[in-house]
Amino acid sequence: MGLKNKSVVKAGHVKLMSAVALSAVMAAAPSMAQTKEPIKLGLLIALTGGDAINGLNGGAGVRLAVDEINKAGGVLGRQIVIVSADDQSDPTAAVNEARRLATQEKVDFIFGPQASQRTLAVLPVLTAAKIPQISTSGSLDINPKIGPYNFSTQSNAADQGYHMAHYLTDVMKAKKVSILTDNGAQALSAVPYIKKELEKGGATVTATQEFPFRSEDKTAQLLSLKAGNPDAMILWTNTPEDLGVVLNNMADMGWDGLPISGPNATVMQAAGAAKIADKALFTKVAGVAYRGWTYCPGEDVANSPYVKFKERLKAANPDKYKDLLPTISSYAYDGIMIMKAAIEATGGTDPEKLKTWIEGNADKVATVSGPMKASAESHFLAGRDVMTPILDPLMTNEQGLFKRADCK
Amino acid sequence: MWQEYAIILVRGIGLGSVYALMAMSFNIVKVSSGILNFAQGNMLVLGGMIAYAATAYFGALSPVIWFLVMIASALIIGVVVTIQGYLTLLPLSHSEDQQSWLITTMAVSIIIGAVLLLAQGPNALMVRSIFPNIPLFGMRVPAPFLLAIGLAIFWYFALQLFMSKTLVGLAISALWQDPVAARAAGLKVRRLQLLAFGISGLVVGSTGFVAAPIITLASDSAVAYVLNGFVAVVIGGVASNTGALIAGPLVGVVAMLATFKIGGEFQGLFSMLMLVAILLIRPQGIFGDTAARRV
Amino acid sequence: MTTRTSTSAAYTAEPNPTFKLRHLLDRSSVVQLAIGIAAMVVATIVPHIFGISYWIGIVNLAIIYIVASVFMSLLLVDAGQVSFGHGAVFGAAAYAVGIACGMHGLPFPVGVLCGIVAALFIGILFALPALRVQWFYLGFVTLSAAMVFPQMLFAFNEYTKGISGISIPLAWMSEDLPIGISTLSLLVLILGIAALITSAVFPKTTLGRRMRVAAASPEAAQSLGISPGKMRFLAFIIASFGTGLAGVLYPPTVGFVSPNAFHLDMSILFFFAVIVGGKGQPLGTMAGITLLYLVPNVFLAQLVEYRALVYGIVAFVVMLLMPSGVVGGIVRWINLRQKPQTMPALQFSQIVDNVKPVERVKDENAIELVDVRKTFGSVVAINNVTLNVRRGEIHGLVGANGSGKTSLLNVLNGFTRIDGGTARINGKEITGLNARQVAKLGVGRTFQTPRIFEQLGAWDNVQIGLDAKLSDNPTLVSPAFVGNLRDMLSRLRTESIPHGQRRLLEVIRVILTDADILLLDEPAAGLSPDERIAFAALLRDLRDKLGLTIVFVEHDLDLVARVADRVTVLESGSVVASGDVASVWNDPKVKPLFVTVRHA
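Protein chains in written order, with the numbering used here: chain A, 1 to 408; chain B, 1 to 295; chain C, 1 to 600.
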């Protein structure tokens with residue numbers, strides 16, 4: 001069976017047929033090494049399930065990066081082909097698909113998964129197969145020891161929590177803070193760090209409440225928090241509708257105007273939340289943003305890398321752009337660009353060389369979301385310094401950038 | 001302090017009215033054919049999507065247009081559910097295995113969810129209410145909470161009248177009391193069952209539309225409404241709309257109170273404990289007849 | 001209960017009738033079993049030969065899901081219990097292994113033990129509401145439990161590592177053994193084959209039959225001395241044990257557990273697999289998992305966006321076209337192509353061959369009722385009935401519809417508790433006893449609508465009588481007769497048994513329980529005149545050769561006149577007349593009733 005220059009689609013057909021015929025061995029037979037053989041990128045993201053929004057946006061960023069690289073002649077003269085896989089927002093499916101990408105499709109590197117619990121699930125498989133990986137996962141359980149070839153372009157929960165807490169204690173001088181989160185992975189894991197940072201900043205936590213994803217009404221949670229009479233709130237939501245509902249519920253009970261501090265997601269999803277919540281409700285809402293997304297008055301940002309990135313993203317997705325969150329796409333894009341730089345610099349896809357190169361040189365890659373950096377100790381490319389608090393995620397400038405909370 | 005409880009009561013009853021309407025919609029299908037339509041949750045979401053589509057098409061709706069589109073939404077979902085009912089009943093007529101509906105209704109639910117995901121992506125659709133918030137107990141309540149309560153009361157009386165005063169309604173009741181006798185008496189059973197599916201579609205179609213701003217319109221949000229609607233059915237008693245009208249709001253209020261006093265993470269556990277408690281203490285529900293136990 | 005389980009085994013161990021595989025499994029089951037086992041073995045070995053770890057993982061996971069579905073099927077099809085929460089049982093077992101091996105570094109066998117305990121714990125939690133509620137009420141309780149399960153894993157994150165999930169360091173299990181496959185694959189394969197065999201054989205075991213009877217007709221079960229509640233409980237225990245075994249193999253297969261893996265979807269998958277594959281077919285769950293798991297997730301992995309759609313459409317279309325599932329539909333289609341089976345008329349002349357001396361005292365009362373009274377609300381069903389039935393007599397109960405005949409039988413076998421008077425059977429007061437306890441006193445009964453269950457094989461419907469045998473003594477019924485009957489019925493499908501013959505089979509079932517008092521509710525309805533003559537002879541043989549006491553309700557007065565020693569006429573719950581046939585027939589109070597009775 002001639003597998004030279006096979007396209008992704010062809011590979012799929014081969015696999016389907018061979019699967020049925022139980023002769024899967026053919027697809028796995030080592031193909032002839034060719035100098036111009038494409039580089040295979042496994043795209044392991046959630047197309048379905050609760051995390052599909054991340055998949056949609058991350059996937060768009062990855063595709064844009066791959067298109068640009070291929071149009072510019074590829075990496076080392078080799079084109080990148082994407083092999084798509086749906087982890088269904090489910091760790092089991094993620095493991096199966098990771099195995100498929102690693103052993104069936106024999107991809108050269110992987111983008112994804114986009115949530116910690118699935119990244120943790122696939123790490124043993126990908127580490128054993130020595131597949132370099134760019135994930136966007138923020139759990140502190142992920143470290144170079146268990147995932148030597150994994151790098152993340154998402155900031156971790158602790159770094160986001162640090163900025164969320166210190167914005168309230170240092171900028172807003174809050175003394176009594178309540179915490180409201182959804183019951184998702186990221187939010188719950190961040191709560192302990194946030195509490196710690198709040199205490200360091202001299203504030204006490206009055207109460208903690210949580211709500212299920214996309215629940216219709218949060219009045220009960222808010223009423224119970226209000227009873228503690230806090231002067232600010234940590235609010236960790238992951239969907240635009242949850243953010244909008246909380247703000248509406250607060251306004252309905254006459255509690256608008258309370259300073260609120262949210263994570264990355266708040267910045268990304270405020271525009272969506274504004275479909276149901278009035279713009280005025282966002283004036284006291286702060287979020288954590290990648291520096292690339294932000295501005296201060298007086299800075300010349302019209303040609304900033306992120307602004308240019310958004311224009312290209314829009315050009316590549318003319319119909320879907322209105323449903324996209326370019327913020328999420330941007331750090332997915334950066335991940336691919338860092339990997340591309342590493343492949344070019346090391347002259348191939350050798351996992352050990354790639355790992356060492358990224359650990360030492362990631363900060364030399366031009367990125368759109370902010371200055372990235374890694375070390376042998378931390379593979380979180382978007383560290384605490386990349387992040388900055390912003391106030392009122394709806395108050396964007398004409399380029400759609402967010403205003404930093406610490407502007408003069 | 002009392003205002004907090006008052007507001008929890010109003011919002012709990014408002015949300016619970018959606019569960020009550022789901023329960024009434026379950027009831028009429030259950031009465032006519034013994035089927036519990038699992039796809040009903042997605043039908044509710046579809047009704048809400050009509051509200052979204054109408055807003056996208058017409059811009060902000062005037063109250064008159066809003067009312068007309070609500071009726072259109074009820075009719076559209078009514079037709080969709082009738083077709084679904086026809087397909088569900090199809091295998092039941094030529095097979096002695098009478099449980100295929102469990103799968104077919106769940107499968108339809110999965111199919112609708114999958115189509116929604118393909119069509120509009122994973123984002124939930126958000127609909128703004130065209131009516132202003134209403135001041136109540138020193139706070140504001142969004143109008144859809146109150147509209148949902150009104151709709152539940154409307155459908156309650158409409159269905160009670162229909163089931164007790166019209167010949168067709170009485171015939172549907174007869175199917176529940178004694179299906180064999182009803183068949184022997186020459187009732188066109190299949191036609192009555194389809195009609196019941198259609199009526200249940202009217203109920204959820206209008207509910208989805210009216211409650212669109214306060215329910216979650218996403219490809220995966222239907223299960224929660226099916227479950228809460230079912231809890232209302234069990235607590236109220238199968239086939240009892242009076243029970244549904246009371247139990248729905250009860251479920252809504254208890255869930256909110258549990259969140260308020262204990263914490264949001266135990267909301268799901270609470271609804272389950274309520275279900276188990278009722279089933280263990282009074283399996284026929286508050287207003288159910290003892291016949292329900294045999295089911 | 002335990003002693004009786006052994007007796008049926010003792011019976012089948014008798015030299016005649018001889019054991020044949022056909023008696024245990026029908027041809028369709030044998031063929032399905034062979035296909036299933038062969039497919040599992042091939043699917044496990046081939047990827048190992050070529051060393052494709054992706055396929056090894058997929059096949060292992062598919063077999064694990066098949067095992068879980070097999071036990072879901074046991075619960076649903078054999079025991080009639082609807083559970084939408086089976087994924088929680090599976091998940092509990094997997095999580096227990098995760099916590100034991102992944103967090104505390106305990107060896108895998110300890111994890112297995114913890115997993116099974118955890119699965120049993122959830123199973124018992126499900127079984128408790130099952131004692132009280134049934135059908136989709138139970139379905140919803142378990143469904144909400146399945147929804148709450150992952151939430152609880154989050155809520156107790158200090159014990160479960162919550163959202164982060166647990167990595168399981170059991171890579172040694174995936175290393176190949178000298179035989180060419182890994183420890184894990186070997187365990188999975190063994191479990192898979194064992195589960196397939198279980199699914200085929202379990203319905204043919206005493207326990208399997210009892211569960212099916214209890215699910216199909218709780219009252220018939222009680223009259224055979226079976227406790228439906230106990231059967232349900234046992235079903236949950238067995239199902240959770242089996243599912244737990246599958247669950248503990250999940251962590252080494254996937255290498256990781258996290259709450260999101262055990263969502264409601266998993267429970268629904270197991271449920272769908274059973275029904276879409278074909279309820280009660282040994283190959284059913286395998287077909288179900290192939291269609292619903294492998295097709296959308298693996299064979300169509302490139303069409304990722306349409307996975308959920310394919311899943312829903314497959315389930316929907318299969319149910320529309322084949323309401324009895326894929327395998328069920330195929331089996332049905334093959335059966336339709338074969339000649340319709342006809343059942344030869346049952347010959348009773350051979351039922352008792354070597355007449356053993358029957359030592360039963362004739363001049364004592366088998367049944368004594370004194371002033372028995374039963375009311376339902378304001379309706380008096382039985383009005384101060386006093387009635388004696390002597391041992392070894394055939395006693396006819398006649399009267400119009402609604403005169404209280406069946407109500408009286410219900411009192412005699414313990415279905416209804418009397419409000420007043422005393423009732424004694426074989427000398428024992430039965431007022432405080434339930435139907436099962438009365439059955440153990442030697443009372444067997446048949447029902448107005450015969451309790452022949454299509455959920456059981458044709459012979460199994462008779463075998464449940466042997467299962468309920470009251471003593472260790474060999475049955476008095478001729479072994480040759482039983483052997484012939486078994487041979488004949490093993491070839492038949494239950495659906496093809498004509499209605500009239502079903503009543504007779506029910507009578508034979510009750511005789512085989514060793515009951516010495518038979519309560520027969522309209523046993524001759526639906527029999528042809530010739531069959532009635534043969535049936536009358538059967539009743540006499542039972543009395544004369546086995547010494548049984550028979551009370552039967554009958555509308556056919558000629559039949560009553562032909563066989564009954566004594567007759568009791570009931571009217572509105574009261575005894576109008578009772579005594580030998582001739583005197584009752586001529587009783588002036590009875591005569592006017594006859595006209596109506598005869599024409600009723």
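Hints listed in this document are in silico derivations from the structure and should not be mistaken for laboratory results.
Source: prediction; values computed, not measured.
Among these hints, one or two may not hold up.
Computed cross-link-like contacts, DSSO-like style, restricted to lysine-lysine with a CA-CA straight-line distance of at most 30 Å [said to hold, decoys possible]: (1) Lys226(A) with Lys261(B); (2) Lys188(B) with Lys175(A); (3) Lys261(B) with Lys176(A); (4) Lys71(A) with Lys373(A); (5) Lys364(A) with Lys40(A); (6) Lys353(A) with Lys130(A); (7) Lys428(C) with Lys591(C); (8) Lys175(A) with Lys130(A); (9) Lys130(A) with Lys176(A); (10) Lys284(A) with Lys188(B); (11) Lys403(A) with Lys195(A); (12) Lys314(A) with Lys226(A); (13) Lys195(A) with Lys261(B); (14) Lys364(A) with Lys176(A); (15) Lys200(A) with Lys261(B); (16) Lys196(A) with Lys261(B); (17) Lys408(A) with Lys196(A); (18) Lys279(A) with Lys308(A).
Computed spacing ranges between beta-carbons, pair by pair [unchecked claim]: (19) Gly257(A) with Thr166(B): 33 to 43 Å; (20) Gly150(B) with Asp300(A): 50 to 60 Å; (21) Ala316(A) with Val115(B): 25 to 35 Å; (22) Glu311(A) with Arg191(B): 51 to 61 Å; (23) Val115(B) with Pro498(C): 17 to 27 Å.
Computed, partial: chain A to chain C, Cβ under 8 Å [stated by the list, open to error]: (24) Thr48; (25) Ile82; (26) Thr92; (27) Gln104; (28) Ser116; (29) Gln117; (30) Ser139; (31) Asp141; (32) Ser189; (33) Val191; (34) Leu258; (35) Ala376; (36) Glu377.
Glycine included, each C-beta is placed from N, C-alpha and C at the ideal position.
(request) Could you work out which earlier hints the structure fails to respect and list their numbers in ascending sequence? (result) Of the numbered hints, 2, 7, 8, 9, 10, 12, 14, 19, 23, 25, 33, 34, 35 and 36 do not hold.
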